[in-house]
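Chemist: For reference, the chains in residue letters:
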Amino acid sequence: DAGVIQSPRHEVTEMGQEVTLRCKPISGHNSLFWYRQTMMRGLELLIYFNNNVPIDDSGMPEDRFSAKMPNASFSTLKIQPSEPRDSAVYFCASSLVVGGYEQYFGPGTRLTVT
Amino acid sequence: AQRVTQPEKLLSVFKGAPVELKCNYSYSGSPELFWYVQYSRQRLQLLLRHISRESIKGFTADLNKGETSFHLKKPFAQEEDSAMYYCAVDNYGQNFVFGPGTRLSVLP
Chain A
1 DAGVIQSPRH EVTEMGQEVT LRCKPISGHN SLFWYRQTMM RGLELLIYFN
51 NNVPIDDSGM PEDRFSAKMP NASFSTLKIQ PSEPRDSAVY FCASSLVVGG
101 YEQYFGPGTR LTVT
Chain B
1 AQRVTQPEKL LSVFKGAPVE LKCNYSYSGS PELFWYVQYS RQRLQLLLRH
51 ISRESIKGFT ADLNKGETSF HLKKPFAQEE DSAMYYCAVD NYGQNFVFGP
101 GTRLSVLP
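So the protein lines, in turn, are chains A and B.
According to our numbering, the residues represented by the first sequence are 1 to 114, in order.
According to our numbering, the residues represented by the second sequence are 1 to 108, in order.
Don't take every hint at face value.
Selected chain B positions facing chain A (Cβ under 8 Å, derived; list incomplete) [unchecked claim]:
hint : residue
1    : GLU32
2    : LEU44
3    : LEU46
4    : ARG49
5    : PHE76
6    : ASP90
7    : PHE96
8    : PHE98
9    : PRO100
Label pairs and their computed distance ranges (CB to CB) [stated by the list, open to error]:
hint : chain 1 : residue 1 : chain 2 : residue 2 : range
10   : B       : GLU67     : A       : THR114    : 41 to 47 Å
11   : B       : SER26     : A       : GLN80     : 47 to 53 Å
12   : A       : ASN52     : B       : ARG53     : 29 to 35 Å
13   : A       : PRO54     : B       : TYR39     : 16 to 22 Å
14   : B       : LYS65     : A       : LEU96     : 42 to 48 Å
15   : A       : THR38     : B       : SER30     : 27 to 33 Å
16   : A       : THR38     : B       : ALA17     : 27 to 33 Å
Just so you know, these hints were derived from the structure itself, not from any lab.
Every residue, glycine too, gets a C-beta built ideally from N, C-alpha and C.
Chain A with its partners taken away, still in its complex shape (with noise of 0.2 Å):
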């Protein structure tokens, strides 16, 4: 298994420009999480699903940003319109189940909006 599978890896893009980022989980896992890595703030979950449902999206920063997964191996984060504050690098993970248990992070994707 190549594990959690991210692309782009590296993504640079203007301002006001729709950015989305993209997730095949591990094959079985019924969870998948989205979180922001930046210097400041460190890794800040922005939300997880569980069996492709949005459970707890409390940590997506405003309406700028969506998430969707249409089915269990995909999985979609999308900034519309992107901003400089938004350039981080953005981690996709997934684990068997939620609660409790390992979870498994993808490379990551850095992105610079400038």
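Please build the complex by placing chain B on the supplied structure of chain A, with the hints as guidance.
Modeler: Below, chain B alone, put in the same frame as chain A:
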């Protein structure tokens, strides 16, 4: 508010010295506690979890419910232990929070 604190942003020790990375949490109930590690150019990965009560790469962590702490310890640090360490608390699906992280630097 529920949160996880790691008081040291950076911890430097010499090779062979003992190391302790501190973690304190404030949560109701009995959450599950983890230590994750991120080595340079690698993915964030699980180092150990409280419920397993195991030692990984010489590291151990003891849960002290009275002090609400889950400090990570190793008696003799190695250069390859240099990494970013995150304490994390999982309240069984109700909340999942990472601490701010401690960068451990083991000097030769």
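Chemist: Each hint: holds or not?
Modeler: Verification of the hints:
{"no.": "1", "hint": "GLU32", "result": "holds, 5 Å"}
{"no.": "2", "hint": "LEU44", "result": "holds, 4 Å"}
{"no.": "3", "hint": "LEU46", "result": "holds, 5 Å"}
{"no.": "4", "hint": "ARG49", "result": "holds, 7 Å"}
{"no.": "5", "hint": "PHE76", "result": "violated, 26 Å"}
{"no.": "6", "hint": "ASP90", "result": "holds, 6 Å"}
{"no.": "7", "hint": "PHE96", "result": "holds, 6 Å"}
{"no.": "8", "hint": "PHE98", "result": "holds, 4 Å"}
{"no.": "9", "hint": "PRO100", "result": "holds, 4 Å"}
{"no.": "10", "hint": "GLU67/B - THR114/A: 41 to 47 Å", "result": "holds, 46 Å"}
{"no.": "11", "hint": "SER26/B - GLN80/A: 47 to 53 Å", "result": "violated, 35 Å"}
{"no.": "12", "hint": "ASN52/A - ARG53/B: 29 to 35 Å", "result": "holds, 34 Å"}
{"no.": "13", "hint": "PRO54/A - TYR39/B: 16 to 22 Å", "result": "violated, 31 Å"}
{"no.": "14", "hint": "LYS65/B - LEU96/A: 42 to 48 Å", "result": "violated, 26 Å"}
{"no.": "15", "hint": "THR38/A - SER30/B: 27 to 33 Å", "result": "holds, 31 Å"}
{"no.": "16", "hint": "THR38/A - ALA17/B: 27 to 33 Å", "result": "holds, 31 Å"}
The structure shown violates the earlier hints numbered 5, 11, 13, 14.
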